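Trainee: These are the residues of each chain, in order.
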Amino acid sequence: MKKTDALIIGAGPTGLFTAHQLKLIGLDCEIVDNLDKIGGQCIELYPDKPIYDIPAITECTGEELTNNLINQLKPFDIKFHLNDRVNEVKKENNNWIVKTNNGKIFSTPNVIIAGGVGSFEPRKFGPKECEKFENKSLFYSVKDKKIFEGKIVSIFGGGDSALDWAVELSKNSKVNLIHRRDEFRGAESTVNKVKELAKSGKINFLTKYQLDKANGSNQLESIDIKHDNGEIKNLKTDYVLGFFGLIMHLGPIANWGLNIDKKKIEVDTEKFETNQKGIYAVGDICNYPGKLKLILSGFHEGALAARACFKLARPNEKYRFEFTTTSTNLLKRLGKKN
Amino acid sequence: MPKITYITHDNQNYTIDVQNGLTVMEGAIQNDIPGIDADCGGGMACATCHVYVKEEWFDKLSKKEDGEEDMLDMAFEPKKNSRLSCQLVVSDEIDGLIVNIPSKQG
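So the sequences go chain by chain: A and B. Note that the working numbering numbers the first sequence so that position 186 is 186, with each residue one more than the last. Note that the working numbering numbers the second sequence so that position 65 is 65, with each residue one more than the last.
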């Protein structure tokens with residue numbers, strides 16, 4: 001079990017700056033995020049889109065903002081747990097016991113939820129029966145490409161993931177690439193490659209089709225795909241891969257006994273604490289009268305939640321407010337003074 | 001004020017007055033219409049404000065910008081008449097618009 005003064009859920013801009021504030025006032029913290037990279041929505045949804053309302057930064061992209069926040073954390077030693085989703089939060093004496101889907105366990109007096117709109121998960125196929133084939137013959141990501149060797153693989157999607165895997169798997173498998181329209185949003189060079197492979201018969205290229213049905217009792221046997229004009233085609237297939245990007249789901253957070261209204265967690269505006277003592281919510285996921293869904297609001301909320309954490313993590317000490325311009329303590333923590 | 005009608009997948013009708021200049025998505029969010037999530041808040045970055053629009057309205061609506069069709073690739077059960085409601089700006093021109101909300105957003 002890992003002990004820490006505060007556990008942050010979510011490595012988006014709000015989670016990162018909250019970590020900065022915690023470390024600055026002398027508390028330990030660790031960060032858990034379901035994504036495989038740091039940055040949250042900024043990285044997943046709009047890495048290239050410019051943002052114009054971060055104070056004192058005229059213009060920056062989601063990726064630049066993330067990199068700047070990571071750089072700002074350089075003086076500190078912060079442990080990130082990526083690809084890890086918090087499943088369970090339970091009270092034990094005065095601490096929260098937090099468990100992740102990979103079996104990591106934390107014990108902490110403070111949990112700060114900086115979870116945006118929840119955790120990112122793959123978007124799934126519409127037809128209901130797809131669920132029973134999931135993780136057996138139907139996947140939303142590739143973990144081991146060897147299983148596809150010599151098999152028929154039907155890939156759905158029009159972005160880089162779908163195109164890249166179609167090219168890669170066509171070397172050793174029979175590939176159907178199916179997309180809902182003629183245009184692809186993936187890189188032009190990959191689109192051209194796919195089209196060449198289609199011409200030489202290496203990829204069976206089907207556009208204006210979408211998945212209509214997955215057939216088979218236990219084992220997937222074939223799929224029905226439906227054309228825009230209503231025509232249905234049956235394709236024999238061993239595997240199906242769907243690449244439709246990610247969507248945010250509130251997920252397990254809904255089961256932690258917090259007051260939630262319309263997917264937002266209710267907090268006070270002094271500590272950004274929820275109805276559970278020692279659990280805070282900051283950034284897009286929290287709600288209070290006047291809440292603005294801006295990154296700058298997340299920074300403010302994180303800074304205040306961090307001060308509230310101090311009381312529970314150091315019950316016998318008194319928090320002292322200090323400025324980074326003048327405080328020897330803070331400058332030491334920032335590595336600016338010996 | 002233009003009236004916009006939202007029809008949910010289980011056939012509940014909501015006819016709402018939406019101010020000119022707001023988007024069809026904003027009209028839904030401000031009036032708690034179920035089935036439109038708008039996770040990204042109107043940035044054309046999430047495809048969770050997906051609606052179906054009857055073809056007769058297509059010419060009156062603002063044209064799809066680059067990127068809207070790309071996002072619709074990720075929407076739940078996209079069709080030819082799919083639009084992102086965050087991209088539909090309300091004006092007197094589209095007074096009476098009817099949009100159908102899919103059974104889910106993802």
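If you're looking for bench data, these hints aren't it; they were derived computationally from the structure. These figures come from a predicted structure and were not determined experimentally. There could be a bad hint or two in this list.
[Unchecked claim] The calculated DMTMM-like cross-link candidates involving lysine to aspartate or glutamate, where the alpha carbons are at most 20 Å apart (straight line), are: (1) A:124 x B:92; (2) B:63 x A:36; (3) B:104 x A:30; (4) A:3 x A:30; (5) A:336 x A:317; (6) A:293 x B:92; (7) A:145 x A:129; (8) B:104 x A:53; (9) B:104 x B:77; (10) A:208 x B:70; (11) A:49 x B:77; (12) A:226 x B:32; (13) B:80 x B:92; (14) A:199 x A:212; (15) A:291 x A:53; (16) A:208 x B:32; (17) A:49 x B:70; (18) B:79 x A:30; (19) A:291 x A:268; (20) B:80 x A:228.
Trainee: If a hint holds in the structure, say so; if it does not, say that too.
Mentor: Hints, one by one, checked against the model:
| no. | hint | result |
| --- | --- | --- |
| 1 | A:124 x B:92 | 37 Å, violated |
| 2 | B:63 x A:36 | 36 Å, violated |
| 3 | B:104 x A:30 | 35 Å, violated |
| 4 | A:3 x A:30 | 9 Å, holds |
| 5 | A:336 x A:317 | 25 Å, violated |
| 6 | A:293 x B:92 | 29 Å, violated |
| 7 | A:145 x A:129 | 24 Å, violated |
| 8 | B:104 x A:53 | 32 Å, violated |
| 9 | B:104 x B:77 | 9 Å, holds |
| 10 | A:208 x B:70 | 14 Å, holds |
| 11 | A:49 x B:77 | 26 Å, violated |
| 12 | A:226 x B:32 | 34 Å, violated |
| 13 | B:80 x B:92 | 25 Å, violated |
| 14 | A:199 x A:212 | 26 Å, violated |
| 15 | A:291 x A:53 | 16 Å, holds |
| 16 | A:208 x B:32 | 34 Å, violated |
| 17 | A:49 x B:70 | 15 Å, holds |
| 18 | B:79 x A:30 | 44 Å, violated |
| 19 | A:291 x A:268 | 11 Å, holds |
| 20 | B:80 x A:228 | 8 Å, holds |
Hints 1, 2, 3, 5, 6, 7, 8, 11, 12, 13, 14, 16, 18, counting from the list given before, are not met by this structure.
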